[in-house]
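Turn these sequences into a full structure, and let the hints steer you where they fit.
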Amino acid sequence: MRWIVFIPVLCLLTSVALSDQPLLDLTPITTTPEPVTEVDPAMRRLMTQKVRGIWIPGDLYRMYPGLDVTVGQVLKDADFNLVVVYMGVDRKNRSTSSDMETRLPKNVQVARQLDLPMMIKWFYGSAHEQPYRRYRDGVGHEHDRSCCPLDASYIDRHIGRWAVRAAKGGAHGMSIDTEMYESDATGYPGPCFCDDCFANYLRHYSTDWMAHYRAVPRERRGSWVADNRAITHYSQHAARRIERQYDAIRAQCQAVNPSFFFAYAPLLEHIPGMTRGLGTSRVPCIVFSEGEYTSGPRPQTWANVQHIRETGMPALYVSGHMILYHEPAAFAKHAKFASLYADGWWAWFGGALTTCPGTDDPTAFKPPYGRAAGTTAKQYLDLLTQTHKELDTLLASPKGLWPRRDDPRVTPTVRVPRRKSTITIDGRLDDAAWKHAAVVDITRTRHDEPVTVRTTFQICWDNEALYVSATCDLAQGKVLRVPQRGRDNALIWEFDGVEIFIAPRQSTRRYAQFMVSALGDVCDLLVDHDAGLGVHGTPVWSADVQTAAHAVNGRYILEVRIPFANLAPSPAKGDRWNANFYRFVPDIAAWSPTFGGFHSPLRFGTLVFE
Numbered sequence: 001m002r003w004i005v006f007i008p009v010l011c012l013l014t015s016v017a018l019s020d021q022p023l024l025d026l027t028p029i030t031t032t033p034e035p036v037t038e039v040d041p042a043m044r045r046l047m048t049q050k051v052r053g054i055w056i057p058g059d060l061y062r063m064y065p066g067l068d069v070t071v072g073q074v075l076k077d078a079d080f081n082l083v084v085v086y087m088g089v090d091r092k093n094r095s096t097s098s099d100m101e102t103r104l105p106k107n108v109q110v111a112r113q114l115d116l117p118m119m120i121k122w123f124y125g126s127a128h129e130q131p132y133r134r135y136r137d138g139v140g141h142e143h144d145r146s147c148c149p150l151d152a153s154y155i156d157r158h159i160g161r162w163a164v165r166a167a168k169g170g171a172h173g174m175s176i177d178t179e180m181y182e183s184d185a186t187g188y189p190g191p192c193f194c195d196d197c198f199a200n201y202l203r204h205y206s207t208d209w210m211a212h213y214r215a216v217p218r219e220r221r222g223s224w225v226a227d228n229r230a231i232t233h234y235s236q237h238a239a240r241r242i243e244r245q246y247d248a249i250r251a252q253c254q255a256v257n258p259s260f261f262f263a264y265a266p267l268l269e270h271i272p273g274m275t276r277g278l279g280t281s282r283v284p285c286i287v288f289s290e291g292e293y294t295s296g297p298r299p300q301t302w303a304n305v306q307h308i309r310e311t312g313m314p315a316l317y318v319s320g321h322m323i324l325y326h327e328p329a330a331f332a333k334h335a336k337f338a339s340l341y342a343d344g345w346w347a348w349f350g351g352a353l354t355t356c357p358g359t360d361d362p363t364a365f366k367p368p369y370g371r372a373a374g375t376t377a378k379q380y381l382d383l384l385t386q387t388h389k390e391l392d393t394l395l396a397s398p399k400g401l402w403p404r405r406d407d408p409r410v411t412p413t414v415r416v417p418r419r420k421s422t423i424t425i426d427g428r429l430d431d432a433a434w435k436h437a438a439v440v441d442i443t444r445t446r447h448d449e450p451v452t453v454r455t456t457f458q459i460c461w462d463n464e465a466l467y468v469s470a471t472c473d474l475a476q477g478k479v480l481r482v483p484q485r486g487r488d489n490a491l492i493w494e495f496d497g498v499e500i501f502i503a504p505r506q507s508t509r510r511y512a513q514f515m516v517s518a519l520g521d522v523c524d525l526l527v528d529h530d531a532g533l534g535v536h537g538t539p540v541w542s543a544d545v546q547t548a549a550h551a552v553n554g555r556y557i558l559e560v561r562i563p564f565a566n567l568a569p570s571p572a573k574g575d576r577w578n579a580n581f582y583r584f585v586p587d588i589a590a591w592s593p594t595f596g597g598f599h600s601p602l603r604f605g606t607l608v609f610e
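The sequence shown begins at 1 in my numbering and counts up one residue at a time.
Hints listed in this document are in silico derivations from the structure and should not be mistaken for laboratory results. Fair warning: this is a prediction, and the values are worked out from it, not measured in the lab. We treat Cβ as the ideally placed atom computed from N, Cα and C, and that holds for glycine. Some hints here could point you the wrong way.
Claimed, not checked - Per label pair, the in silico range of CB-to-CB distance: (1) 586 - 373: 21 to 31 Å; (2) 566 - 415: 22 to 32 Å; (3) 69 - 450: 38 to 48 Å; (4) 443 - 554: 11 to 21 Å; (5) 481 - 90: 33 to 43 Å; (6) 214 - 443: 54 to 64 Å; (7) 38 - 367: 35 to 45 Å; (8) 476 - 200: 48 to 58 Å.
As structure tokens, then:
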């Protein structure tokens, strides 16, 4: 069952004294499905064979070490059908790109000779060039280096003009890496509330936008929108604007080459709106997912593929596999299953297969760019060649003849008793009610490996709230590390502390995330995949969580009270909600191993309310 919050069309302004002002009109924002249908012939080939991609740091025209053939020829012989070549601007003059001038023509020439589609890889949120408008979060904090995702002039300078250059230069497409390496964070913590973004929203949905704009201070914008039950609406509006922005860039490129296609990394809707902007039913956008880097395809992979199909996204979902974490046999196996049950696979870091191919150079195994220890590039390439030939046969066969995918073991379930007596949130765990709470020992990491220190959660509930405690042993000599304090700190997951995911009614598309430091600081987020919020949620949402922390005898203890009021209707006896419990360090321990990222709702465990 989906957890649905009904938002009234007209919302009273509650957090700013504007009683004589008109109401905020939340006209519904709808999305027209764009399922992949009449596909361009060049894209049809990738869909028929499934994407067999690789990102390489060098060039297709370089000679392969120890062989009398080019890197491009070696990749072609291994049956790769898409290569992404790293390119960028000049570091000393970021308005120029010698890569475009010198490397692109040579790579295009080899790619055309080999009939091997080639994209250029371009960075978003890195190699900044002034001037640009800064991103501002919902509590008024302006980032030092992160751009506003809706600064049209910045996006055109950093992405648009180079995409057109790539199209004119003969590249088949552009892949945009949105991990924002030179920005304040690797992703946006929520929609932007800078002056321009906030004013634009009000112009569309307030009948007296200037009055509201002047009345709401910057540090209150996010909470004002949230108090008016409009955060989802605000995020949808921002996502729609981002869609139009990238739609214009795509149209310019396809005016040069109608078959020119786009891709992005690292996660589905990492920047909400980008998928629909860069893709069309005829030329879909490729999502180069990094969620499978260490584990290969997992349940969340299949869920993302299904979500794309069900919502009519113009996209192909391609599972990314990190060479360093895969022995050759496992690498080939994951490539096969990603091709059969998703839209293909891609390898990172491709240089591990195109440089230092033997075992004599230790850099061949250096994290994160190397191979599994003791392996050769030939071992990977030979197995991939064999796997790709096997795929050709399987993809031409009925699905009933395909090998079944290996889904991880069943997720855990715990019965959660009602609170028996009063609980005082003080971090002491000396209330009698905790003696009757459910006990969950965390013994495995998120990758299902043994943990090195003990962590125990306890859980109970009443009609108003869920109560969770965590007792976290410290390794001998370990000192608590919480270098930053304060609410809604985006870096809290790097500190000592725990994380709680709660999915009311077992929703896999909408859930709450609570990160609690070992000193009791909280970052709570509402994550809504279907509302343009991506997988990072929005920090302006608040569940009014109460926490307390206490450190004693080589351990720290946390008590957390999570009210249902801002989360969902209170559960009834017998109801089932999904949840997961993590401890950040030292092991990234998980109650239910996800075999991948934290945001894997299909791998959450189950709470049964008694």
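Hints broken by the structure, by number, lowest first?
-> none
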